[in-house]
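Novice: Construct all of the structure, not just a fragment, from the sequences and the given hints.
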Amino acid sequence: MRRALAFLSCFAVALPVGAQEVGIAGAAITFSAVGRAELWFELESGTEHRLRFEGETVEVDGIGIGSYAERGGLESAWRDFLREHAGEDASAVRSGLVEFRRFLEEWSSSAEAADGDAARALAGRIDAILGLAAPAPAGAAPALPAAEPAPGISGQPGPMQIVPGGLGFDVTGELDRLRDALGRLGDSGEFTEGRLAMIVHGDYEVLAEATIPGDVAILDGTLRLDGDVDGDILLLDGALVLDGGARVRGDVLQVGGEIDFGGDASRVEGEILSDIRLTPSEPPARAAPDVPAVQRVESFEAPMRMRSAQPGLGSRIARNFGRAAEGVIAAGCAFMVFAALGLLLVYFGRRRLETVSDTVRLEFARSFAMGLAGEVLFLPVLLVLTVLIITIPVALFLVPAMALAGVFGYLAAAHAGGEIFARRRFRSEWLERLRRSNSYYYVVSGLALLMLPFAAGAALWVLGGAADFVRGLILSVAMVGTWIVVTAGFGSVLLTRGGGRSVVIDWSADSAPGDGASAGAGTDPPSTPPDDA
Amino acid sequence: MMPDAPIAGAAARALPVVFASLLFGGALTPGAAQEWRDFRTARQSGDLEALEIELIYAGGRLDVSPSETPLLYDVRLRYDSERSLPRRDWRRVGRTGHLRLTASSSPEDGRDSEDATWSVDPELELEDLPRDADAAGRLDLSLNPSVPTRLRLGIGAGRARLDLGGTHLTELELITGASDVEVGFARENRAAMELLSIKSGATAFMAENLGNARFRRLEFYGLVGDVVLDFSGSWRSSAEAEIRMGLGELLMRVPAHIGVRVRRSGLASLSAESFEKVGDYWLSPNWETARVRLEVTLVAGLGSVIVEHG
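Sequence order for the protein chains is A and B. All letters in the first sequence, in the order written, are residues 86 to 618 by my numbering. All letters in the second sequence, in the order written, are residues 15 to 324 by my numbering.
Hints should not be assumed to be uniformly reliable.
Heads up, incomplete: computed chain A residues facing chain B, CB under 8 Å, no partners named [what the hints assert, rightly or not]:
| hint | residue |
| --- | --- |
| 1 | E129 |
| 2 | S351 |
| 3 | D360 |
| 4 | L363 |
| 5 | R404 |
| 6 | G407 |
| 7 | A409 |
In short, the hints are calculated from the structure, not lab data. Because the structure is a prediction, the values reported are computed rather than measured. All C-beta atoms in this analysis are idealised placements derived from N, C-alpha and C, irrespective of residue type, glycine included.
Specialist: As structure tokens, this is what we get:
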């Protein structure tokens, strides 16, 4: 299907053959200070058109068809034509436009290349709009003789001839949209150039037994197909109608508009692939499964006797218990993993852990600020290290180092929490029994405190939807709390350089005469538990 | 074959996902604006002789049925583009076509669509399922009843109704997360099915007329929920079933002319009226004389199992 992209990057023109000449009902000429020179006119049929020279681009109906040299011969002739006919009635404007079209034909053969292309394109568009009989465009690849209408291809209101290779519509502006759509659809077709046969920019009808020898793109309007398309059809907007005799040898790709398969999609031999946006006013078809489902069921020899899919009370209770169990077990698993890491850390790096823990506990605000700064600066620093190429190894080291620092900080914060818990006096005798004072207990009890809200939130699943709000609230608080703890722990790791130095200020020493502002820095933090094992 | 400890295994695999969702707030993501789109992919059968379909659907309403047109397949999806992202891959290997369609919240959900081995034979697991359901979304899949088809479905959440009677399934693999699923074979499957595999998370699951599925082996693996397995239908040959339940109720309905032998393990209670216990087995009265037999290996953790024979 990517060949559809290819043919849209080409150009084509649709020239009316033997069509009635069309009169102009009204016209307006505009010159702007920014260099725009524009002719707007309305045909007797009611169709409006706009021919514009601006910014070295010739536009017809908002679509660029070529470029011109500023103050060159083409622009000068266009401005002269507009000035000459400003204020005249519509019929005079039409006569002038026909005359200008003759000038373009003569002038284009002698003009420089860029302006010549634009002149030929503009002449072709004037022919098409005014229904003028015209010779085949110079330089076009006349796949079909210009003097003969394409057999079986008819347009509305008159028959239209498609001339591949000529200038008509530059649709390159659609390419990005198409690429997005095709990529999302997972299109994997092969790219084949030179298959363009037709771009539909209006209403067309392909009669029975007629064949379009290539791909078709529908930009707008309607293509009614009763014959064959020996290629793909791409529908960007407008409509495609497949009648009884229609046959598409390739694929049909739809990114907009509407397709009427006439009840038989088998007229497309390739793949039908569409992805279109529904109009905002159209409500989504919620469920409403009964209509198609009933139709399908009718063909069954033995009607299915499905019970209601609405789950019963037992099922809902079981499901809620299952969710609760999942959440609680998940929290328990996480607790066990972190507890194991924490116990290992206490065993192998207790001094560092206690240093970081004391920093979290006694310098919490400072640690949090440092952690926050570290988190904010992480990505910019990583980006700089990556951009500087030579520092990429440092960047590769930085990521796991940050992750380890985060885990270390989290465990140290848990240690601090456990220590605070242990130092607290409880009225409850049962809680008093839980008070222990060594680092192993600190880590485990701190982690339990941190995981408890997650488990509690998950456990509320047993109450089903009635506890949604409370559950969400608890989980939100738990997540925010976890982030604060991780940030503070991470900051402490940074402050203490991984627990290698103490930065806890001994405030009690401040009162000592002669002591400096940094008094206490570097001293052992007051963390040694009274009955540390 | 299922692992020996399926529940524990599933829990071990699924719980990190649950925990990660809790930790990173996936469950609390605020709703976004909706933009509904219609997606369709269909294809002629042409000279293809077989088809493999793998469909991963995050949630909403899923309907699967035999097609009434000559199309090889026809998939119609209505989805919210702010939440879902459909992607289809089509490959052809010899005379076999491979269609893979994922309709989930992001390309990261489900398995990697660029995985070049997807058509080889990867096994779908519960943790592969997407977890962000489009509650009001809808997907309709029509299958050609003339083309032998291997169908693999992964349903994250929502409701699914699979009317598979009259299809031409050579294998069916169904994985459901938290869903309400109904599977029916109102007409006989046009092909003998080597394996009918169902893995169910927390669901209300019902399968009817499984005797029409023409399976030779059924594997049912249910984590939590209420399950009904109805083995009615026109049996052609004997089959075996391996059923493993975690927590919940299981009701098995088996026609009277089918001989049934159940080997049970686990803590769940078993109610099988008219069955006789012989050694480790529970035998239906016609086990010795029946022309067609169903041999069931049942492992049920907590809950109850009811076998209705007749």
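Novice: Now look at each hint and say whether the structure bears it out.
Specialist: For each hint, the structure was consulted:
no.	hint	verdict
1	E129	violated (39 Å)
2	S351	holds (5 Å)
3	D360	holds (5 Å)
4	L363	holds (4 Å)
5	R404	holds (5 Å)
6	G407	holds (4 Å)
7	A409	violated (11 Å)
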